[in-house]
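A.B. asks: Sequence:
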Amino acid sequence: MYRCRGTRQAAASLASAVVMLLLPAVRARGQSGGTSPVTIAFDNGLSVAGDHGDNEFQLGGLVQLDGRFAPDDPLHQVEDEFVMRRVRIIMQGRLAKYFEFRVMPDFGNGTTVLYDAYVDVRFSPAFRVRLGKDKTPVGLEQLYSDYALLFPERSLASNLVPNRDVGVQAQGRLAGGVISYIGGVFNGVPDGANGDVDSGTGKDFAGRVTVRPFARSTTRALREMGAAVGGTSGTQAGALPVFHSTAQQVFFAYAPGAVADGERTRVSPSAFYYHGPIGTFAEYARTTQAVRGALTSASPTNTAWEITGAFVLTGESASERGVVPSQPFDPAQRHFGAVQIMARYSRLDVDPSVFANGLAAARPSTRSCFARR
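Under the numbering used here, the first residue of the sequence shown carries the number 1, and numbering increases by one thereafter.
Everything labelled a hint here was simulated from the structure, so no lab data went into it.
Quick list of in silico lysine to aspartate or glutamate cross-link-like pairs, EDC-like style, CA-CA up to 20 Å: (1) K97 x D120; (2) K203 x E263; (3) K203 x D261; (4) K97 x D54; (5) K97 x E56.
Simulated restraints on C-beta separations: (6) T366 x F99: 43 to 49 Å; (7) S319 x A96: 28 to 34 Å; (8) T265 x V63: 35 to 41 Å; (9) A96 x G257: 47 to 53 Å; (10) T265 x V197: 19 to 25 Å; (11) S145 x V211: 17 to 23 Å; (12) V63 x R363: 30 to 36 Å; (13) P364 x G177: 40 to 46 Å; (14) G110 x G176: 43 to 49 Å.
Ideal placement from N, C-alpha and C gives every residue a C-beta, glycine not left out.
Can you make the complete structure from the sequences, with help from the hints?
C.D. replies: Structure, rendered in structure tokens:
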């Protein structure tokens, strides 16, 4: 994934509709005696801004093509294929300084899914309210943007945290960025799921606190070191999760007829460190869910963990937002962007009681799965 430095350019033909949206605010500012030029730039998407940034619209996208092949597959359990894994249009912006929005549909995998659709009200850096559909604030890597992922897919630990859900949340940064918090109420979705509607009356309370103890330190090597813990609690009924390998193959499913039926709790502590070309993070996830089968019931606890490390060979700084090449990709000038090497180990374990009580599907369910890269 290559990111380009922001450069102002003449792209009015592509942004004329957006400019028209900003003109009323610009004219209002001009009538009051101020000046407010409209700025058109390309910075990870087409950006049009007016009123000194109080009004802004950005149009971007994300496309990921996967090639999935298994040379050692005598039973032909993996279908060799090319697949459009992610095809996303990203529309986001700011209105009247205090209101921000984001809409992101995805057309990958032969389906159309709405991933993000929310509005923020920014009261201050310490407090904002978000309404709509967004990532549930639990897992570390799940909260990382897709364009900043080190590998094509997230680790096995992301199987045990929710993906996106609809709700209301508050978030902010305190003490100059030393503490960040997110807390809210959501419909509640199964582990790894992306939901638009609620199938029951139960709701999930979700929250996450991140601490960067040296964020304000004069020692640069310590600024991007931190730890976090996130979790959810609620009562849910209905669908149960399906767990996928890092190659997106199903390796565990609950038995037909088994449903969620009661309390569900999640907890996910994590830690991270970035300095210069070095980046590393680790997380643990633990989910307990009341499950009712055809003949028995149980409250299994599934666990997963992962550790990931990366090093930028070309010397740029690593961060949770990805690597920005010091020179844009330009083969004619012998500029080839940034080169980064990565390594990972992850593991997921399904509670033995799931198998002992006949709550696991006969195939393809396995008790444990691990992946290393």
